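K.L.:
Protein chains in written order, with my numbering: chain A, 61 to 355; chain B, 21 to 283; chain C, 64 to 405.
It is possible that some hints are incorrect.
Unchecked claim - List time: in silico DSBU-like cross-link candidates among lysine-lysine, alpha-carbon distance up to 35 Å:
hint, chain 1, residue 1, chain 2, residue 2
1, C, K213, B, K75
2, A, K174, C, K328
3, C, K122, A, K174
4, C, K122, B, K232
5, C, K378, B, K75
6, C, K393, B, K232
7, B, K232, C, K168
8, C, K320, A, K174
9, B, K75, C, K114
10, B, K232, C, K206
11, B, K232, C, K245
12, C, K199, B, K232
13, C, K320, B, K232
14, B, K232, C, K328
15, A, K174, C, K168
To be verified - If you want a taste of the chain A side facing chain C, the calculated C-beta under 10 Å gives, among others:
hint, residue
16, G176
17, Q188
18, D222
What the hints assert, rightly or not - If you anchor each label on the Cβ, the simulated ranges turn out as follows:
hint, chain 1, residue 1, chain 2, residue 2, range
19, A, H141, B, S187, 36 to 42 Å
20, C, Q256, B, P105, 42 to 48 Å
21, A, R66, C, R295, 53 to 59 Å
Source of the hints: derived by calculation from the structure; they are not laboratory data.
Remember, it's a predicted structure, so these values are computed and weren't measured experimentally.
Note that beta-carbon positions come from the ideal geometry of N, C-alpha and C, so glycine has one too.
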Amino acid sequence: MKSRWRLPLRTVALGYLALLVVVPVGSVFYRAFQHGFTAAWDAVTTPEAVHALWLTLLVVLIAVPLNTVFGVGVSLILARHRFRGAWLLDAFVDLPLAVSPVVVGLALVLVYGKTGWFGNWLAGHGIQIIFSFPGIVMASATVALPYVVREVLPVLQEIGTDQEQAATTLGASSFTAFRRITLPSIRRSLAYGVTLTTARVLGEFGAVVVVSGAIAGRTQTMTLFIQDSIDNLNPVGAYAGAVILAIIALVVLTVLGGDREGRKAKWRSPSDQSPSDSETLSPSTTSVLMSPMDH
Amino acid sequence: MLRPAARASGPTLIVTYLSLLVLLPIAAILSKSFQNGFGSFWTAVTQPEALAALKLTLICSLLVAAFNSVAGLVIAWVLVRDEFPGKRVVSAVVDLPFALPTIVAGLTLLSLYGPNSPFGINVADARIGIVLALAFVTLPFSVRSVQPVLAELDRETEEAASSLGASSSVVLRRVILPSVAPAMLAGAGLAFARAIGEFGSVVLISGNLPFKTEVASSWIYSLSQSDQLSAAAAVSTVLILIALIVLGAIGLVRRRFNVGEAV
Amino acid sequence: MKHSPERRTHSKWRLVAAGILPVSLVLGALLPASASASGGSVSIVAYSTPKPAYTVLIKAFNATKAGAGVSFSPSFGASGSQATAVVSGLPADVVNFSLTPDMDKLVKAGIVSSSWDKGPTAGMVTNSIVSFVVRKGNPKNIKTWADLVKSNVKIITPNPFSSGSAKWNLMAGYGAQLALGKTKAQATAYLTQLLSHTAAQPSSASNALQTFLGGEGDVLLAYEDDALYAQRQGEPITIVTPPQTILIQNPIAVTTKSTNASSAKAFVAYLLSPAGQKVWGQQGYRPVLPQVAAQFKFPTPKKVFTIASLGGWTKVNTAFFTPSTGIVAKIEQGLGVSTASG
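Kindly produce the complete structure, drawing on both the sequences and the hints.
P.N.:
Put into structure tokens, the structure is as follows:
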């Protein structure tokens with residue numbers, strides 16, 4: 061499997077990535093800085109742009125952790141328990157994806173808007189969701205709901221519960237077992253899930269434009285600012301804004317995921333061709349982990 | 021797995037979160053689509069333009085999901101098993117289609133693969149343009165769904181098989197694929213679901229021509245802008261149902277694959 | 064030893080998790096609070112095109128006595144979506160849309176009084192016309208509506224079911240035929256030809272402009288003020304004024320639910336004043352005040368008709384733009400059935 065296929069596979073993979081992702085993303089960076097770094101900097105440091113960035117970051121800081129906790133929770137439930145309707149829970153988690161973002165926004169307005177299902181109740185309690193910050197968080201969280209689950213669940217299913225069971229039999233509390241055995245083994249997939257979630261929240265437009273009201277300086281996120289820049293024929297502003305979003309996503313990925321790969325490399329012994337997370341666990345649990353899987 | 025008190029409230033919180041964010045809004049869409057009775061729901065869904073848009077969307081989305089599963093596997097394989105300078109950069113790049121707002125993705129794809137293409141590749145106003153845009157936005161799923169599973173794979177079985185004389189394709193078919201197939205399916209399901217709902221990145225390069233390159237989400241948008249919210253909800257309901265069926269089927273198949281999973 | 068990387072990552076995660084809440088709070092506190100100005104705050108909800116104009120107008124208004132100390136929170140977006148948002152509760156003191164049916168939505172919801180169009184300018188704040196935007200130098204020599212349907216010409220117009228701009232475009236073409244003496248049937252046939260020549264029907268006017276600038280098509284149908292703005296931004300285009308075209312009229316109103324009616328009314332009064340209209344003119348919009356309009360050298364087509372001469376928007380919307388049963392919908396279906404290749 062090794063040397064004969066290595067080069068062709070690499071070529072195909074890199075070629076596909078280049079044409080589909082690298083070139084377009086590179087083009088975005090190019091267009092942002094086409095007229096010089098100063099022009100790009102000026103375009104994204106207007107008060108409107110700065111506010112949009114703060115707002116976006118705030119949305120990420122709330123929506124992503126919420127989705128992460130939810131995602132890990134759902135994954136644990138689905139991986140550990142068999143129950144009727146599990147497939148339904150599974151499918152419902154993915155469902156927001158199938159709904160066009162604009163419709164997600166409209167649906168949220170239908171439920172939480174002034175004339176919506178909870179409109180009167182919310183107004184009565186002085187809670188403003190639609191056209192305000194909470195609505196933006198909800199819309200963003202909804203469209204990015206499944207990513208943590210989809211990353212973590214397959215790995216949990218692959219790994220199985222033997223180790224946690226061993227640990228709890230030996231006296232560890234469920235939470236400790238989770239923290240010291242489960243969490244390390246899903247760390248990489250969790251990192252990917254969080255990164256995908258963050259990236260999705262950063263890039264969301266359709267649902268947010270409906271739910272936010274696009275009030276400049278108040279409920280205008282970075283993507284709304286970018287659309288605005290395009291509408292007003294300010295491409296530098298639009299592309300520079302997009303570059304900022306891309307950089308944030310890259311930073312998140314590096315902090316969560318790339319870091320992990322570096323540490324793994326340190327622990328890999330020269331003769332070892334296949335590093336895995338098991339190297340960071342104690343030998344006894346390692347042997348349990350490496351027991352034959354039923355395929 | 022949680023302390024007794026937490027065990028009770030954990031699932032409750034999760035269900036509440038799911039309800040607030042997904043179940044209630046989807047119920048609202050369903051309710052809106054049947055607002056004027058089943059007859060008007062049916063009319064909205066069987067209008068010629070709706071049918072054309074739905075058909076186009078489904079075909080393109082299935083194509084992209086299938087194609088990107090394979091591409092995603094290849095890319096994930098290279099990222100996990102291969103070593104070359106700049107691999108970290110390549111890995112980072114994979115997630116970027118998500119971080120770009122869809123309108124920026126759309127504009128970029130139009131400028132690179134449309135009439136002003138510097139490569140001479142013009143796929144604008146054609147169905148292939150739609151496939152390209154969808155492939156762009158769904159690639160992260162296809163790669164990242166498979167990558168963690170591939171990385172956790174127990175190499176011993178592979179190595180045992182090939183040391184016993186199995187050819188590469190046998191090892192691939194009988195050892196590797198069965199392990200990653202569930203994850204590939206999961207990624208394909210996600211890609212499909214995202215593709216049928218995608219609007220911003222597709223709408224520019226597709227040309228949005230009614231009956232030719234207008235995708236379902238664009239038709240839904242037109243309906244919502246023409247004050248036909250109930251019809252828009254109806255077509256959305258159809259997409260949701262299709263997604264449920266596809267995702268449910270994938271879930272079933274994955275459960276078959278994971279028959280030996282430790283539970 | 065084996066556990067130290069685990070411990071390190073654990074504390075890293077704990078730090079991250081623990082840091083999120085305070086960081087959110089700090090960021091939240093840093094978000095600029097809504098300004099409490101002496102003249103209060105006025106929220107404007109408008110369609111997307113006039114944003115650059117409003118930036119100038121707000122500054123000019125703040126310099127006047129009536130406008131001193133008034134702060135603004137503007138929201139710009141697609142005209143139809145904005146109207147829907149206001150009906151769904153988006154706070155608005157002043158609303159400005161690109162066509163009347165969007166204002167009618169608000170009248171129906173009781174947010175704008177039904178006498179909004181009874182003022183001296185019939186509720187309109189700016190005018191424009193439908194123009195042709197072609198490549199710089201007009202290489203295909205497109206001058207008239209008949210030129211649009213020549214065999215080698217590809218048209219870009221937004222999708223009429225998602226864009227108000229597209230409706231103006233199509234009715235301009237339809238009305239132009241009537242102005243040329245054709246019958247209604249012939250005018251409808253012209254629309255069929257027009258639509259069969261479209262290379263793309265993007266979902267919004269903004270997308271249509273981007274599509275055209277991205278190299279698609281030979282001619283874009285657009286608002287004159289949009290085209291003028293693009294030209295000012297240095298885009299390589301030429302604007303051709305068709306000999307017959309429709310007068311685009313953009314409505315404005317102060318809402319009944321306005322929380323700052325006095326400042327809102329003062330602002331609208333400014334927009335309709337000679338000073339305000341002059342700014343609009345400089346931004347590429349045709350002023351509604353004739354004496355101000357005369358100061359600018361806008362092209363004068365041979366025949367400019369209004370939507371009223373075609374029956375008014377309510378009738379036209381129902382007859383032409385009802386999805387699946389309207390005249391335009393039927394044309395699209397006819398074209399689609401014959402050209403869709405399965």
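K.L.:
Give a verdict on every hint.
P.N.:
We went through each hint and held it up to the structure:
1. C/K213 <-> B/K75: 32 Å, holds
2. A/K174 <-> C/K328: 25 Å, holds
3. C/K122 <-> A/K174: OK: C/K122 and A/K174 at ~32 Å, within 35 Å.
4. C/K122 <-> B/K232: Answer violated: C/K122 to B/K232 is near 46 Å, above 35 Å.
5. C/K378 <-> B/K75: Judged against 35 Å, a Cα distance of about 33 Å means the pair holds.
6. C/K393 <-> B/K232: OK: C/K393 and B/K232 at ~15 Å, within 35 Å.
7. B/K232 <-> C/K168: Status holds; Cα separation ~32 Å.
8. C/K320 <-> A/K174: With a Cα-Cα distance of about 14 Å, the restraint between C/K320 and A/K174 holds, given a limit of 35 Å.
9. B/K75 <-> C/K114: 38 Å, violated
10. B/K232 <-> C/K206: Distance ~29 Å between B/K232 and C/K206 Cα, so the pair holds.
11. B/K232 <-> C/K245: Holds - the C-alpha atoms of C/K245 and B/K232 are around 31 Å apart, at most 35 Å.
12. C/K199 <-> B/K232: 30 Å, holds
13. C/K320 <-> B/K232: Between C/K320 and B/K232 the Cα gap is close to 44 Å, so the pair fails against 35 Å, i.e. violated.
14. B/K232 <-> C/K328: Violated: B/K232 and C/K328 sit about 47 Å apart, past 35 Å.
15. A/K174 <-> C/K168: 16 Å, holds
16. G176: This hint holds: A/G176 lies near chain C, its Cβ roughly 8 Å from the closest one there, short of 10 Å.
17. Q188: 9 Å, holds
18. D222: It is violated, given that the least Cβ distance between A/D222 and chain C is near 19 Å, above 10 Å.
19. A/H141 <-> B/S187: 36 to 42 Å: This hint holds: roughly 40 Å between Cβ atoms.
20. C/Q256 <-> B/P105: 42 to 48 Å: For B/P105 against C/Q256, whose Cβ atoms are near 58 Å apart, the range 42 to 48 Å is violated.
21. A/R66 <-> C/R295: 53 to 59 Å: Holds: the Cβ-Cβ distance is about 55 Å, inside 53 to 59 Å.
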